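Residue 460 in the numbering used here sits at position 10 of the sequence shown, with consecutive numbering throughout.
Heads up, some of the hints might be wrong.
Below, computed lysine to any residue pairings styled on SDA-like, alpha-carbon distance capped at 25 angstroms [claimed, not checked]:
1) Lys522 / Asp506
2) Lys461 / Gly511
3) Lys516 / Thr459
4) Lys516 / Thr477
5) Lys490 / Gly465
6) Lys461 / Ala513
7) Lys461 / Val507
8) Lys461 / Leu496
9) Lys461 / Arg475
10) Lys461 / Trp471
11) Lys461 / His476
12) Lys461 / Asp488
13) Lys522 / Tyr498
14) Lys522 / Thr487
15) Lys516 / Leu489
16) Lys516 / Val491
17) Lys516 / Glu484
18) Lys522 / Thr480
19) Lys490 / Ala519
20) Lys490 / Ile501
21) Lys522 / Arg475
22) Lys522 / Thr503
23) Lys490 / Thr477
24) Lys516 / Ser502
25) Lys522 / Leu496
None of these hints come from the bench; they were simulated from the model. These figures come from a predicted structure and were not determined experimentally.
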Amino acid sequence: MQSKYIRPTGKTATGVDGVGWHNFRHTFSTMLRELGTDLKVQQGLLRYADISTTLDVYTQGSAVQKREAVGKVVSIGLPA
Numbered sequence: 451m452q453s454k455y456i457r458p459t460g461k462t463a464t465g466v467d468g469v470g471w472h473n474f475r476h477t478f479s480t481m482l483r484e485l486g487t488d489l490k491v492q493q494g495l496l497r498y499a500d501i502s503t504t505l506d507v508y509t510q511g512s513a514v515q516k517r518e519a520v521g522k523v524v525s526i527g528l529p530a
């Protein structure tokens, strides 16, 4: 399934070889988190028994979230 469907679809979508099932899982998990999906719902959709696997392995902060967080910290430290 991966070699017949997932990798060719990944290459078509990204233009990069080697995009596989785990890339989709990472992206799906990160997008769910960015959308504010409840962690237990996210855990269930990814089908992990332990929430730490979902958070530690598959979920990353998006670039937008990181920029917003840094902007908030900077705004606290700078006088108006």
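Each hint, compared with the structure:
Distance check on the hinted pair: Lys522 and Asp506 sit about 24 angstroms apart at the alpha-carbon level, within 25 angstroms; holds. About 24 angstroms separates the Cα atoms of Lys461 and Gly511, which keeps this hinted pair within 25 angstroms; it holds. Between Lys516 and Thr459 the CA atoms are separated by roughly 29 angstroms; this puts the pair beyond 25 angstroms, and the hint is violated. With a CA separation close to 16 angstroms, the supplied pair Lys516 and Thr477 stays within the 25 angstroms bound.
Restraint check for Lys490 and Gly465: not satisfied, since their Cα atoms lie roughly 33 angstroms apart, outside the 25 angstroms limit. Distance restraint check for Lys461 and Ala513: the Cα-Cα separation of roughly 22 angstroms lies within the 25 angstroms cut-off, and the hinted pair is therefore satisfied. As the CA atoms of Lys461 and Val507 are separated by approximately 23 angstroms, the hinted pair is consistent with the 25 angstroms bound. Taking the CA atoms of Lys461 and Leu496, the gap is about 23 angstroms. The hint holds against a cut of 25 angstroms.
Using a Cα cut-off of 25 angstroms, the hinted pair Lys461 and Arg475 holds, with the two alpha carbons roughly 16 angstroms apart. Distance hint between Lys461 and Trp471 is fulfilled; the C-alpha atoms sit about 12 angstroms from each other, no more than 25 angstroms. Under the criterion of a C-alpha separation no larger than 25 angstroms, the hint pairing Lys461 with His476 is consistent with the structure, at around 16 angstroms. Restraint check for Lys461 and Asp488: not satisfied, since their Cα atoms lie roughly 31 angstroms apart, outside the 25 angstroms limit.
In summary, the hint linking Lys522 to Tyr498 is not supported, as the alpha carbons are separated by about 33 angstroms, beyond the 25 angstroms threshold. About 22 angstroms separates the Cα atoms of Lys522 and Thr487, which keeps this hinted pair within 25 angstroms; it holds. A distance of roughly 19 angstroms separates the Cα atoms of Lys516 and Leu489; the hinted pair therefore holds under the 25 angstroms criterion. Simply put, Lys516 and Val491 have alpha-carbon atoms about 23 angstroms apart, close enough for the 25 angstroms limit, and the pair holds.
Restraint check for Lys516 and Glu484: satisfied, since their Cα atoms lie roughly 11 angstroms apart, inside the 25 angstroms limit. Simply put, Lys522 and Thr480 have alpha-carbon atoms about 21 angstroms apart, close enough for the 25 angstroms limit, and the pair holds. For the given pair, Lys490 sits about 24 angstroms from Ala519 by alpha-carbon distance, which is consistent with the 25 angstroms threshold. Of the supplied pair hints, the one linking Lys490 and Ile501 holds, its CA atoms being roughly 7 angstroms apart against a limit of 25 angstroms.
At roughly 29 angstroms between alpha-carbon atoms, Lys522 and Arg475 are farther apart than 25 angstroms, so this suggested pair is violated. Simply put, Lys522 and Thr503 have alpha-carbon atoms about 28 angstroms apart, too far for the 25 angstroms limit, and the pair is violated. Between Lys490 and Thr477 the CA atoms are separated by roughly 17 angstroms; this keeps the pair inside 25 angstroms, and the hint holds. Note on Lys516 and Ser502: the hinted pairing holds, with a Cα-Cα distance of about 21 angstroms set against a maximum of 25 angstroms.
For the hint pairing Lys522 with Leu496, the CA-to-CA distance comes to about 31 angstroms; that exceeds 25 angstroms, so the pair is violated.
Hint check: violations occur at hints 3, 5, 12, 13, 21, 22 and 25; the rest are consistent with the structure.
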